[in-house]
Amino acid sequence: MDIPNEHLVDMYETMVRIRRFEERIREMYFADKLPAFDIAAGLIPGEMHLAAGQEPVAVGMRPHLKAGDAITATHRPHHIAIAQGVDLNKMAAEIFGRETGLGRGKGGHMHLFSVEPNFGCSGIIGEGMPVAVGAALAFRFKGTDNIALSYFGEGAANQGAFHESINLAALWKLPVVFVCEDNAYAISVPKAASTAIPDNSDRASAYGIPGVLVSENDPVAVYEVMGAAMDRARRGEGPSLIEIKTDRLWGHFEGDADAYRDDEFKDEMNQRDPLVVFGQRLADEGILSAEEQTAIQEVQYAIVEEALEFALASPYPEPEAALDHVFA
Amino acid sequence: MTTVETDRKLTMQKAIAEAVFQEMDVDPSVFVMGEDVGVYGGIFGSTEGLLDKFGPERIIDTPISETGFIGAAVGAAINGMRPIVELMFVDFFGVCMDQIYNNMAKIHYFSGGNIKVPVVLTTAVGGGYSDAGQHSQTLWGMFAHLPGMKVVAPSSAYDAKGLMIAAIRDDNPVVYMFHKGALGLGWMVNNPRATGPVPVEPYEVPIGEARIAREGSDVTVVTIGLSVHKALDAAETLDSQGVSVEVLDLRSLVPLDREAVVASVQKTHRLVVVDEDYQSFGMTGEIITTAVEGAFEYLDAPPVRVATPDIPIPYSHGLEKWALPSEERIVAAVSGLVSG
Amino acid sequence: MPIVTEAGEDAVITAWFVDEGQACQADQLIAEVQAEKIAVEVQAPVGGYVVNRVAIGDPVPQGSPICEISESPASVSRAQPAQIAERSPGEPPPIRASPAAKRLGRELGVDLAGIAGSGPGGRITEDDVRRHGAPAPGLQGLRAVIARNMRQSHAETAPVTLFTTVEFGAEAPANITAMIVSSAAVVLRDHPTLNGSRTGDHFVPAAAVNLAVAVQTDDGLVAPVIANADALALGALADTIKDLGRRARAKTLTASDYEGGTFTVTNLGSLGVDGFTPIINLPQVAILGVGAIRRVPAFDAAGTVVAGHQMVLSLTFDHAFVDGAPAAQFLNDLVRVLTAQPATSG
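Chains Z, Y and H supply the protein sequences, listed in that same order.
Note that this note's numbering has the first sequence beginning at -3, numbered continuously upward.
Note that this note's numbering has the second sequence beginning at 250, numbered continuously upward.
Note that this note's numbering has the third sequence beginning at 18, numbered continuously upward.
Quick caveat, the hints were computed from the structure, so don't treat them as lab data.
Since we're looking at a predicted model, the values are computed, not measured.
Quick partial rundown of chain Y residues pointing at chain H, CB under 8 Å, derived from the structure: (1) His518; (2) Phe545; (3) Glu546; (4) Tyr547; (5) Leu548; (6) Asp549; (7) Ala550.
For glycine and all other residues, C-beta sits at the position ideal for the given N, C-alpha and C.
All chains, please: the whole structure from these sequences, using the hints.
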């Protein structure tokens, strides 16, 4: 691989951290909701959309980021936020609804906003795409070489905002990279039942921009494609559309019976768990031994635990604080 | 009542364009985006002459992609710019409302106050010239109902300039709704009240502050937008009949100057609310409730509302004229109130 | 009611799909019933009008009817909701007035019940209240003070009035007020229980005899005080009384003119009144009322009818502090002194 080892190691560490965070959130989400599932109960109330299996999509862009780059993401945001370096303590606190959270408990898991790094996400499909275009517009006004990354799912590619945003970015040649995470299912609807063509990357030609398909859930492949697209944007050559085939290992939301995907499908998915596959490859190529990977695990697990402890130890906001921050 | 000390007069449309120009002149983070705002100068002239002054980089003609460019305005605002983005007709909100009320209006709150979204969303409102059901609405009741965005609707050239400058300088999203019939456009029916004194230098009109357009003692008429003109016409007619009408121009719906409503009703003891928006579940209900809450013991009669009924605004001239609030309807409402 | 369960517990109606009195067809879904968590839909057995529906939530034994299907629409519906709250017959009808009218009524002290409303439906408006007029302005100024004092005296004393007739001879005395004030002042020296002031339940006899003399003015009755009246000669007393009267009517009396009174004399004789029940001038315990002097037939020592003069004295005393006998004794002593005086004064 042409990739510097430190990038590979960094990507691996980040994937471990992401997976651990998602697993721990899942545990804590269910811990006080069962036996009869009450969505509003417990430490993490509401909906929860976890990205176990989609780590490569997020970590592949990480080494190419510059401070100030803007990322907008979706209702399934954790892996991207973690990859961009959003403060994990404050992110966890926000998920737990605490006063110390990114949004002081007012946004929650689907509305995570960070100023540094420049991150936002949304619960409305496709809503972040125009915002990324706007961020890129601002970077042009300011004359910086920052770029915007717009993450969305293959389901969002059929939303009007997808079309409008890519057209605008292409028309104005804005520094945006549109990244489609194709995890094959929009909740329960498979791609073949929603999209007129097999690959959204082919839609790029409709806007006169490069479209690239990454057909494996592999951080190295993502790294290479994202690097090229991000450089292109930084050079002022305009946007790109990248589609990455990835795996959503768990249900759409936590509590999803996931009965619409058959066992064979799920087994195959789990067989190619990207964390396992990448770890194996790094070991095989002598970049990270099994012991080193175990050590990395310990470090990353500790970071995740620290974030969770911070969240659990943080106070809830005063109820009347609900009235604050409507207006600046 | 403010008395404006100047001889210079402008139409409301030119006052808006002047405000945008003056702020863009001193603040490079301000730019304008929308359909036909560049070469055309805005369908209703809100950016007349600005393309020549600032060029296409800052006066940007967009494709017909409201979700796209209004969302882009949000993104640009988050990242340090102060965009003015135009939704050509408020009636078009349906194709892009998510970016407005779910995104633009809520990001400051979701981020616990850490992120500001200083967008000015300008939009043309109002009927009376047979543009029919999808091009004649006002809809400020709906925007005002949703949390997180300020809503203003000037009725005079003076207020139009001052509110636009205030909106641009405000760090919050401001929905700036200008009534087509109050702009003083040459291709609409001539409206003498659309032209008025406007100081040359930049100035602000505070957002959230109502204005007594005419002092009176017998009845309070609360209204906004073009209906202010109709209320003033009605007040003159009623004056000749010995009825003294106080006209309160709200100017802003969010924040709403409830104190001004209450103070006026405490003075006159009678209330008529005039609203070109649909009658039910909107501004008239809000104003009347405000009066009841704050001035119950002062009401000598139940408040009356004059609004557009809950119907799509009809096309044929006679139908539309009947449906929209008019001077005649206001006179009748006030007369009924003082005699009953 | 369909039989739902074997246990046969009461069922409840959970939903009606037709209104009371509404028409239905045979087999139309009209209700949903639940017993022991089992829900069953109910169809109308025949077409008609659904009347006398059991209310939602009311328990109904299984097998019992949940409604009737009438051939004609019910004229009286059992389930008709009360539109207007029932008033018990004794209550007066509520007054319909605008909030502003009610507030103005309160401010002016006007009872809205007496006003006819000119607003819609007979509603009383602010103008109606204004036109009706405020009641006579409340007691103000001196009148208010007098009213307060009189009511307080009435409330805080146990007054008894003794009447006695004074017989003068053939000549009626002149300047009777001065005479009586002078005589009473002297006599009071021997009757300390009637001369003084009380605070609460304590009566304090006064060392001095300060007689208050009632004077009628345009604004009302006032009673300026003559300090140490017992020390003044009759002539000086007469002058003082005259002066006080003049100043009272000129409204130039000051507060000090009213201070320190220990007994009061009030004369209605010039108005033709014989006897009356004067009200005690708090904080004193007694007051003497003077009536008209009348020319009457009298008996001389030989029993012959001759011309004479009579006058009634009315002494009100506070029985809480003074008893009838001592009061009568004072009166007798006073009469004795009065009738011993020469008929004319200097």
